[in-house]
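Sequences and hints are given; from them, build the entire structure.
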Amino acid sequence: MASGNGNRRIHMSLPCTLDLLGVVDKVIEGITERMEFEDTDRDAIAISVIEASTNAIQHGHAEDGTAQYQIDFEMAENKLIILVHDRGTGFEPDMSSDLTPPDLLSTRGRGIFIMRSMMDEVSFDFTNGTLVRLVKNRSESEGGGEADA
Amino acid sequence: MKIKRDDRESVTILHLEGKIMGGPDAEAFQKEIKALLDDGRQKVILDLGKVSWVNSTGLGILISGHSSMKNRGGSIKLTGVNKRIDQIFMVTKLHTIFDSFETEDEALASF
Numbered sequence: 094m095a096s097g098n099g100n101r102r103i104h105m106s107l108p109c110t111l112d113l114l115g116v117v118d119k120v121i122e123g124i125t126e127r128m129e130f131e132d133t134d135r136d137a138i139a140i141s142v143i144e145a146s147t148n149a150i151q152h153g154h155a156e157d158g159t160a161q162y163q164i165d166f167e168m169a170e171n172k173l174i175i176l177v178h179d180r181g182t183g184f185e186p187d188m189s190s191d192l193t194p195p196d197l198l199s200t201r202g203r204g205i206f207i208m209r210s211m212m213d214e215v216s217f218d219f220t221n222g223t224l225v226r227l228v229k230n231r232s233e234s235e236g237g238g239e240a241d242a
Numbered sequence: 006m007k008i009k010r011d012d013r014e015s016v017t018i019l020h021l022e023g024k025i026m027g028g029p030d031a032e033a034f035q036k037e038i039k040a041l042l043d044d045g046r047q048k049v050i051l052d053l054g055k056v057s058w059v060n061s062t063g064l065g066i067l068i069s070g071h072s073s074m075k076n077r078g079g080s081i082k083l084t085g086v087n088k089r090i091d092q093i094f095m096v097t098k099l100h101t102i103f104d105s106f107e108t109e110d111e112a113l114a115s116f
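Protein chains in written order, with the working numbering: chain A, 94 to 242; chain B, 6 to 116.
Keep in mind the hints are simulated off the structure, nothing from the lab.
A few of these clues could be false.
[Said to hold, decoys possible] Simulated crosslink set (SDA-like; lysine to any residue; CA at most 25 Å straight-line):
1. Lys82(B) to Asp196(A)
2. Lys7(B) to Val120(A)
3. Lys36(B) to Ser199(A)
4. Lys88(B) to Val215(A)
[As the list claims (entries may be wrong)] Covered stretches of chain B (in silico footprint by chain A; criterion: 3 or more residues with CB under 8 Å from a CB of chain A, positions within the stretch not fixed):
5. 26-37
6. 47-61
7. 64-72
8. 92-102
Glycine is no exception: its CB is placed at the ideal position from the N, C-alpha and C atoms.
As structure tokens, then:
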């Protein structure tokens, strides 16, 4: 973990296993509470980061527990930026389904739709594996926050 | 995810606990649904009161169970849905295929 110049940054490197998603969830809970996000936004951030992490684990590295993926949290004054990065080969999102929900009875294909529905910005970079960038802005009612605390 | 089966006359309540997120959860849940269908039990309540969260893979597991049950003339209803799970159900519109009830008694009475 490191901090400086007004923004606080947290870096995590995790094995590609689903059973550690609970650890990610707890870290998000701590960050979003500290930044004074409202409950609905806290849930939205947690759901979205878990979706991006699930993609990294399942599609990026086929649940290979010896591989690692990374999550970076940047606590800026008015927003939280999250980067989820895997260096695998497998994640090719279906962009056609990113703005509309899939068939109700489909058992797959909701991850990107969920992220786009819940975050203010969602973007992808496939230059070196998959990098997902998620942004949640703080509304005025969400107070001064603790980005520099 | 842990699953505990509780038969109440014609209705079976499956008490789920933990997180529904894929991996071994899918096989465990499908095995339980298959066992219910083999036993001729087609009225099922999923008690999610001790489930903290569900990811999109977990949603797929629940949908798969719903489809298996529906194809055999049965149905799955929900109770104990927390705010976070409710939020993901609303966004994905899955609240339109899963009837959800505040209490177990209400869910039992709905069959």
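Outcome of the hint check:
Distance restraint check for Lys82(B) and Asp196(A): the Cα-Cα separation of roughly 20 Å lies within the 25 Å cut-off, and the hinted pair is therefore satisfied. Taking the CA atoms of Lys7(B) and Val120(A), the gap is about 24 Å. The hint holds against a cut of 25 Å. Note on Lys36(B) and Ser199(A): the hinted pairing holds, with a Cα-Cα distance of about 19 Å set against a maximum of 25 Å. Taking the CA atoms of Lys88(B) and Val215(A), the gap is near 23 Å; set against the 25 Å cutoff, the hint holds.
Chain A is given as covering the stretch 26-37 of chain B, and this holds because 3 residues of the stretch bring a CB closer than 8 Å to a CB of that chain, at least three being needed. Residues of the stretch 47-61 of chain B lying with their CB closer than 8 Å to a CB of chain A number 4, which satisfies the three-residue condition for coverage. Counting residues of the stretch 64-72 of chain B whose CB lies closer than 8 Å to any CB of chain A gives 7, so the stated coverage by that chain holds, three being the minimum. Requiring three or more residues with a Cβ within less than 8 Å of a Cβ of chain A, the coverage given for the stretch 92-102 of chain B holds, as 8 such residues are present.
Consistency with the previously given hints is maintained throughout, with no hint failing.
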